Structure formats: structure tokens, C-alpha cells
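**Q** Now for the letters of each chain:
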Amino acid sequence: MNPVFRKLQAVNQVLTLCRATPCIQRPVWDSVDKRQYKSMPTHGIGRWRHFIPKEPPKKKKDKHQMKPILAATDTAYGSLSVRVSGHDMTLVEHYSQYIHNLCNRLGIKVAESYALPTKTTEVMLMQEQGTKMFVEAVLKTHQRVVQLSSLDATLCPLFMGVVLKNQPEGVRLSVKEHTEADFHSRFKGRPELEGLMAQINQ
Amino acid sequence: MSSALSRSLCRVLTRHRATISSCRALFLRFRAEPKKKKKVDPRRELVLRERMKKKLKKLEKVPPEFIPVEDLITPAKYLDETRERSAPRLSFEESERRALLLKEWCRYKKNQHMAEVEAVELALEAQREALEELKLESEELYQAALKPDPLLFPFTHEGPAYTPANTKYYAPDGKYNDITKVYTQ
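Note that the protein sequences, when read in sequence, are chains P and R.
Once you know that position 25 of the first sequence is 25 in this note's numbering, the rest is easy, because the numbers rise by one and skip nothing.
Once you know that position 22 of the second sequence is 22 in this note's numbering, the rest is easy, because the numbers rise by one and skip nothing.
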């Protein structure tokens, strides 16, 4: 037992000697886990990616999603579509742009603004001598649609008034409720799909 | 045995130029065997259905395409670089006159737009004041005023015309044909 005590005493003496002389080369840390470079004041000085707003990952196949059709409430109309159609393309386009700008100014929310396919009409007239018909002219009707998501009932008369006052000649304005059928009419017909569906349902 | 007999009878009858339907009827009557139910039929139907469903799934995976709008596609003949119209050479006075005219037009249109915006603002303010007064008067009428008009839509209006319609106009006989191209996917 005695030699053990003597060894302990010797170790104690050595430890006190160590504590007396301070070590300059290696600084004393609180715990072994703390890394000094993260506590530096300049840590993360070059980071910039966290400033950019995060974008959702882009899907390659973007299915054309229909914007939700709102129903009429107590104070506002539901989704409306303002259709501008005429034979003169410049007038029709400029008028639709004017309506879009007016909606932005008045604070009316515009869901979409698109063009519908052009309708070609053949005008056939009877010949002066005989009963044959001959092609006189080919007329093209251009259509543009401004789809409004909702329209306040208080803004409605003002909006309609301004729009009607600025209507150019030869351009027809038509405002009606937007339906799903209107949305689907913009797509190409798929007779094979419909045929298959009919066959399966039989 | 019975089938062989019926077959021979059939041959005899054909020799005597009997009709095929009577021969067949005779044959069936003489067969006297119960009809065998084909076990493959319901399975074949199921297989066909599955095939059709698979085809449908494949077709449904393809997203629908928009009908192309002719207005937004530049016709090929305008993309030809050989046809080019050079700008006309103007004299100094003419170009000055044009620039000054443009500025006048700009000013005129700006005044028009400002007047319109002001009118809209005034109308909005007047409407707001009126609604406030109505609210003070009676709550019921105020709520009724805020309600949307269900009979307004659908609404159609033709643009104004330069001249009124000619009452004595005799329209020639003819008809309209819709020749819009129909696209299918």
C-alpha cells in the first residue's frame, strides 16, 4: 500500500508543477467537440444561395392546369370571360390589350389572357346568270379572351361603362360566365380516346 | 351415327336443290346434342378489356395539346429575307414635320387618357360616398346594392358603325361556309 501512496503523491506533485507553468504552444479548449472555425466572426462570409428565393423543382411535362373557376358570391361575380371578336385583327388585339390594362388599373384580377383559334368563313354568292354558287370572299374572325377570376359587383357597372365607351367599330364584345367546357374547347379533339372510353363503358 | 345420317340426308337434299337454311335446320334437329359452352369466351372478354384499359392509360398519359392559333404564327412568305422594302428618303422639313406631328398626337392622347383616368376616379369616389350614405340610411338596401346582377350575363354588344343600316338594301342570295381547319390529336 505504501509504494502506491508514494506513487500517487509523486503524480500529484507532477500535476501541480504542470498547472504552475502555463503552456504557450497549445491553447486550452473547453471541450474536445467544439470546432474553432465555426465560431469565427467571419464564418459563412461568402454564402449567397440562401438569399435567392427557393423555386419548386420544374416538371418537364407541364400538363395545362385549368385555373380554378370561382362561383358567384354575395358581393362579386364568379369567373367571367370577356370575348372580343372581329374581322380586323389589329383592332381586336388592341381592344383586348386595352381591357387587360383597364383591369390592372382598376384592381380586377385577371386569370388568363389568350387567343382562341381563328374562324375562317367562306362567303358564297349566287351567280347572276344561272344557279351556281361561286366563292366571293374568305373572311377571318379573330377572337381574343380576357378571363377574369372575379369581378366586384360595385366595380362592374364602371368597368362595363368604360369598356363599352371605348369599343371600336366592327368589334363584338361578349361577356359571359367561364365554364370548363370553354376551357376544353381550346384543346384538340381526341377521337381515339373518346372511342376507347365509349367501348369500355359499353 | 345420327350426325352421319344427317350429313347424308343433307347431301341428298342438296342434290335436289334444297335451300341451305332448311338443310342446316335439319342438321341441327338431327344432332340432338347439348350446345358446348365455350370456356374461353369470358376470359377472352377480360383480356380484351384489359388491353383496352392499357391503351386508354397510355393515351391518357399524353397531355392534351392546344389548337394552334393562326394569328400567332408568322406565314412563311414573310420570313423570306430577299423581299425587302427600303425606307423612303425624306427631306429635312418633312421629317421635322412628322416628328412634331407625332409629339402633338402624343400630347393629345395623353390628355385624353388623363381625362379618362380622372373621370374613372371621380366615378369611383362618388359611388363610394353614395354607398356610405346608403349604409347610414338602411342596411338592407346597402346589402341589396352590393349583390351581383344574375340577369346581366351573358352579355353581347356589337361595335358602333360609321353609318346607320340601309333600310332599302337588297342582299344577294348566298350562304356562309365554315371552313375552319379541325385539328385532332
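Hints may be right or wrong, so weigh each one.
Under the rule of at most 30 Å between Cα atoms (straight-line distance), these lysine-lysine pairs were calculated in the DSSO-like manner [as the list claims (entries may be wrong)]: (1) 110(R) with 165(P); (2) 67(P) with 54(P); (3) 63(P) with 165(P); (4) 110(R) with 188(P); (5) 63(P) with 110(R).
Simulated coverage check for chain R against chain P, where a stretch passes if three residues somewhere in it have a Cβ under 8 Å from a Cβ of chain P [what the hints assert, rightly or not]: (6) 79–85; (7) 92–106; (8) 118–128; (9) 131–142; (10) 166–172.
Far from chain R, some chain P residues (derived; all Cβ distances over 10 Å) [as the list claims (entries may be wrong)]: (11) 52; (12) 56; (13) 64; (14) 130; (15) 142; (16) 154; (17) 169; (18) 190.
Calculated directly from the structure, the hints in this document are not laboratory data.
None of the values given here were measured: they were computed from a predicted structure.
By construction, the Cβ of each residue, glycine as well, lies at the ideal position given by its N, Cα and C atoms.
**Q** Going by Cβ atoms, does residue 64(P) stay more than 10 Å from chain R at every point?
**A** 7 Å, violated
**Q** Could you check that no beta carbon of chain R comes within 10 Å of the beta carbon of residue 154(P)?
**A** 6 Å, violated
**Q** Count the residues of the region 118–128 of chain R whose CB lies closer than 8 Å to any CB of chain P, then report whether that count reaches three.
**A** holds (count 4)
**Q** Is residue 63(P) within 30 Å of residue 165(P), Cα to Cα?
**A** 39 Å, violated
**Q** Per the stated criterion, does the least C-beta distance between residue 56(P) and chain R lie above 10 Å, as a non-interface residue requires?
**A** 19 Å, holds
**Q** Verify the coverage statement for the region 131–142 of chain R against chain P, using a C-beta to C-beta distance below 8 Å and requiring 3 or more qualifying residues.
**A** violated (count 1)
**Q** With a C-beta cutoff of 8 Å, work out whether three or more residues of the region 166–172 of chain R approach chain P closely enough for the coverage to hold.
**A** violated (count 1)
**Q** Checking a non-interface call: every C-beta of chain R should be farther than 10 Å from the C-beta of residue 169(P). Is that right?
**A** For residue 169(P), whose nearest Cβ neighbour in chain R is about 5 Å away, the distance does not exceed 10 Å, so it is violated.
**Q** Does the no-contact call for residue 190(P) survive, Cβ to all of chain R over 10 Å?
**A** 5 Å, violated
**Q** Below or equal to 30 Å on CA atoms is what counts here, so check residue 63(P) against residue 110(R).
**A** 43 Å, violated
**Q** Given that the region 92–106 of chain R was listed as covered by chain P, double-check it with a C-beta distance under 8 Å for 3 or more residues.
**A** It is violated, with 0 qualifying residues against the three required.
**Q** Need the status of pair residue 110(R), residue 165(P): alpha-carbon distance at most 30 Å?
**A** Holds. Residue 110(R) to residue 165(P) sits at ~17 Å (cutoff 30 Å).
The structure fails hints 3, 4, 5, 6, 7, 9, 10, 13, 15, 16, 17, 18 (numbered hints given earlier, in ascending order).
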